[in-house]
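With the hints as constraints, model all of the structure from the sequences given.
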Amino acid sequence: MGNSSTKEEGALEEQEGAKDGEESEITEKKKEEVVVEGELPLGVEEMFESGDPVLDLSYRKFKRLPSRVIELLHLEKLYVCGNSLRTLPDSISQLKGLRVLALDFNKMEDVPPAVCELTKLTRLYLGSNRLMCLPPELKNLRSLRCLWVESNYFHTFPRELYDLPNLKSLQIGNNRMKTLPSDLIRMEALRGLWLYGNRFETFPRVLLRMEHLEILDIDRNKITEFPSLKRLHNLHLFSYDHNPVDSPPRVGGEVIVVGEGAAEFLEAREAKKERLRKAAEEEAEELALAEEEPVIHGILKNSSSNSKQITSGDEDATEPMTIEEEEGEIPVTEYDAGDLEYNEEGVEYETEELICEGEGFEYEGDELEYERAQLDYEYEELEDTGRQDEGA
Numbered sequence: 001m002g003n004s005s006t007k008e009e010g011a012l013e014e015q016e017g018a019k020d021g022e023e024s025e026i027t028e029k030k031k032e033e034v035v036v037e038g039e040l041p042l043g044v045e046e047m048f049e050s051g052d053p054v055l056d057l058s059y060r061k062f063k064r065l066p067s068r069v070i071e072l073l074h075l076e077k078l079y080v081c082g083n084s085l086r087t088l089p090d091s092i093s094q095l096k097g098l099r100v101l102a103l104d105f106n107k108m109e110d111v112p113p114a115v116c117e118l119t120k121l122t123r124l125y126l127g128s129n130r131l132m133c134l135p136p137e138l139k140n141l142r143s144l145r146c147l148w149v150e151s152n153y154f155h156t157f158p159r160e161l162y163d164l165p166n167l168k169s170l171q172i173g174n175n176r177m178k179t180l181p182s183d184l185i186r187m188e189a190l191r192g193l194w195l196y197g198n199r200f201e202t203f204p205r206v207l208l209r210m211e212h213l214e215i216l217d218i219d220r221n222k223i224t225e226f227p228s229l230k231r232l233h234n235l236h237l238f239s240y241d242h243n244p245v246d247s248p249p250r251v252g253g254e255v256i257v258v259g260e261g262a263a264e265f266l267e268a269r270e271a272k273k274e275r276l277r278k279a280a281e282e283e284a285e286e287l288a289l290a291e292e293e294p295v296i297h298g299i300l301k302n303s304s305s306n307s308k309q310i311t312s313g314d315e316d317a318t319e320p321m322t323i324e325e326e327e328g329e330i331p332v333t334e335y336d337a338g339d340l341e342y343n344e345e346g347v348e349y350e351t352e353e354l355i356c357e358g359e360g361f362e363y364e365g366d367e368l369e370y371e372r373a374q375l376d377y378e379y380e381e382l383e384d385t386g387r388q389d390e391g392a
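Take 1 as the starting number for the sequence shown in the UniProt record's numbering and just add one per residue.
Derived by calculation from the structure, the hints in this document are not laboratory data.
Just so you know, these numbers come straight off a predicted model, no measurement behind them.
There is no bait here: all hints are sound.
DSSO-like cross-link-like pairs, simulated, lysine-lysine; straight-line CA separation at most 30 Å:
#1 Lys139 - Lys168
#2 Lys120 - Lys96
#3 Lys96 - Lys168
#4 Lys139 - Lys96
#5 Lys178 - Lys168
#6 Lys222 - Lys178
#7 Lys120 - Lys77
#8 Lys63 - Lys120
#9 Lys107 - Lys63
#10 Lys61 - Lys96
#11 Lys278 - Lys230
#12 Lys63 - Lys96
#13 Lys178 - Lys107
#14 Lys107 - Lys96
#15 Lys61 - Lys107
#16 Lys63 - Lys77
#17 Lys139 - Lys63
#18 Lys139 - Lys107
#19 Lys77 - Lys139
#20 Lys168 - Lys77
#21 Lys139 - Lys178
#22 Lys120 - Lys61
Here is the structure:
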C-alpha cells in the first residue's frame, strides 16, 4: 500500500510539473511577444502617427513581425531585412498598397502565402534565405518588375517566373543551378539577368536567343568558352569575371564587358574606334574640298557691255587698248575688305575656263577673301584689227 501511494504521489507531481512547464512555456512565449513589441526602434511610434509610407525594421533581431505593422494600411514600402523571420502572418495581405517588400537575410524556407496576395508589389526581395522553390501563387503578382532570390538553394530555374509578364530584373545568383530551361525565352519582358555564382560549366545556349537582354551577369561560374554574343543587339553590359576563359568573349561594339582581360580589350576597341573616326573626318574634309568651286586665279577678260561679242571673236566690237596695256603695265585695282565691286561696264569671270596659278585665296559661299590688298590679273591679249590696220 505504501508503495502504491508513493507512486500516485509521484505521478501527481509529474502531472503538476508538466502543467507548470506548459504554463512557463506559454508565459515565455507571451514574454517574447511582449519583447518583440517592445523592441520597436526609436521613433517608430512617431512614424505610426505620421503616416509615413516607408517603414524600415531591418536588423532588429525580430523572430516575428510586430503586429502593430499590420495596422499601417498606408504603407507602401516595408523593409524587414536581416532579422530571424521564418514566415509572415496572413494578415500582411491587408497592406493592399504595399509596392516594395524586402525580406532578405532572414530564415524563410518558403515564400509566405500572404505575400502572393499583395498584388501591387513591384519589387520583392527574398535573397539570402533558405528557399528551394517558389509557390504557384506567385503568378498573382502581375505588377512585379524586380525580383531578388539570390543566395538561396535553387537547383533548377523556377518556371513559376514565366507567369510574371512584367518582370524586367531577376537576381538569381549564388544558387546551385547547372543549366537553364530552353523555354526561358518566354520571359520576353526580362531586361536584366544575374546568374553569377551558380554551377554552369558551359554557356547556356538559350541566352543567345534572348535578344532583348540589356544586362547579363554570369560571373563566378566554371565556363571555359563563350560563344559570340554579337547577336544580342540590345546588350549594354556583360560580366564574365572569374570564369576560366583565355580571352574576352566577342560582343557588340558598344557593350561594356567586365572580367579578366576586359580592360585591355576595351582600350584596344576604343583606339580602333578613334582611328576610324579620324579616317572618316579626313575623308569628309577631302570630299568637301573636292566639291568646292575652285575660284582662284582665273582669266579675267575686260569686255564691252556686250561680252558675248568679244568671246565670239567679233573684231568690230573690241575697244582700243591703252598704251599702258600695250607696254605690259597692269593697272592696280583696289578692293574693300575682300568684297569685289565692279562697274557697270561689265567685268565677269568665265567660270568654265578657270586656271589655278597660285595660292592665298579662300572661297566661301559668295565671297572671296584675299590676303593682299592689291591683286594682279592676267589679261588675254586681244587682237585689235583696227590697230593692226593703223600700224600697217
